[in-house]
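Trainee: From first to last, the protein sequence lines stand for chains A and B. Per my numbering: the first sequence = residues 16 to 129. Per my numbering: the second sequence = residues 24 to 138.
There is no bait here: all hints are sound.
In silico BS3-like cross-links for lysine-lysine, where the CA-CA straight-line distance does not exceed 30 Å:
# : chain 1 : residue 1 : chain 2 : residue 2
1 : B       : LYS106    : A       : LYS116
2 : B       : LYS32     : A       : LYS64
3 : A       : LYS64     : B       : LYS94
No wet-lab data here; the hints were simulated from the structure.
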Amino acid sequence: AQSVTQPDIHITVSEGASLELRCNYSYGATPYLFWYVQSPGQGLQLLLKYFSGDTLVQGIKGFEAEFKRSQSSFNLRKPSVHWSDAAEYFCAVGFTGGGNKLTFGTGTQLKVEL
Amino acid sequence: DGGITQSPKYLFRKEGQNVTLSCEQNLNHDAMYWYRQDPGQGLRLIYYSQIVNDFQKGDIAEGYSVSREKKESFPLTVTSAQKNPTAFYLCASSNGQGAGTGELFFGEGSRLTVL
Numbered sequence: 016a017q018s019v020t021q022p023d024i025h026i027t028v029s030e031g032a033s034l035e036l037r038c039n040y041s042y043g044a045t046p047y048l049f050w051y052v053q054s055p056g057q058g059l060q061l062l063l064k065y066f067s068g069d070t071l072v073q074g075i076k077g078f079e080a081e082f083k084r085s086q087s088s089f090n091l092r093k094p095s096v097h098w099s100d101a102a103e104y105f106c107a108v109g110f111t112g113g114g115n116k117l118t119f120g121t122g123t124q125l126k127v128e129l
Numbered sequence: 024d025g026g027i028t029q030s031p032k033y034l035f036r037k038e039g040q041n042v043t044l045s046c047e048q049n050l051n052h053d054a055m056y057w058y059r060q061d062p063g064q065g066l067r068l069i070y071y072s073q074i075v076n077d078f079q080k081g082d083i084a085e086g087y088s089v090s091r092e093k094k095e096s097f098p099l100t101v102t103s104a105q106k107n108p109t110a111f112y113l114c115a116s117s118n119g120q121g122a123g124t125g126e127l128f129f130g131e132g133s134r135l136t137v138l
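Isolated chain A, as found in the complex (with noise of 0.2 Å):
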């Protein structure tokens, strides 16, 4: 079965560093990926995902993020944190055949200082 690790559970950030979640996945073949947000008692949005082509993807609100095979991983970057982009970051695979799930990661917190 497919899984999904994002390594850290915390992350502080000072407002405009830049930033880099990480995010490593356990499939066979090639995943579906996705990057969600969300704040505090909110439901998930979407930044980005990946099925295919480009590896370097765009999202919004400035958020890219790279898929590279060779290391499982579609780590989200984003050059310059602004103070709003305190929330919780998940990762997340699907795949075709996989009866229409996801799996998610168990999140990142993402704290900004300013």
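For this one, chain A is given, so just place chain B on it according to the hints.
Mentor: Just chain B, lined up with the frame of chain A:
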């Protein structure tokens, strides 16, 4: 505006009682999902439905039940058999491609607390 509406937002239940969480969508999506979220555990799939009158168990279906009588609605019942029901519950939907390839749209969640 199109979206997913979950109700109630907060719910308190005594032990031994069943409770039903509502989920309605007006996105005309075929597939709907229920996830449970606990701190530090991410989201875990409870049940999902790809079409009306059909649904499948997810990873943690024990103690839960669902129905899908209408395309727009996918209510979740937390039964007394669920040993640890206190959690944040999220409903989601996706288009005909399915969650494996398509985007999930989420409601704002329902927080259930068992007293």
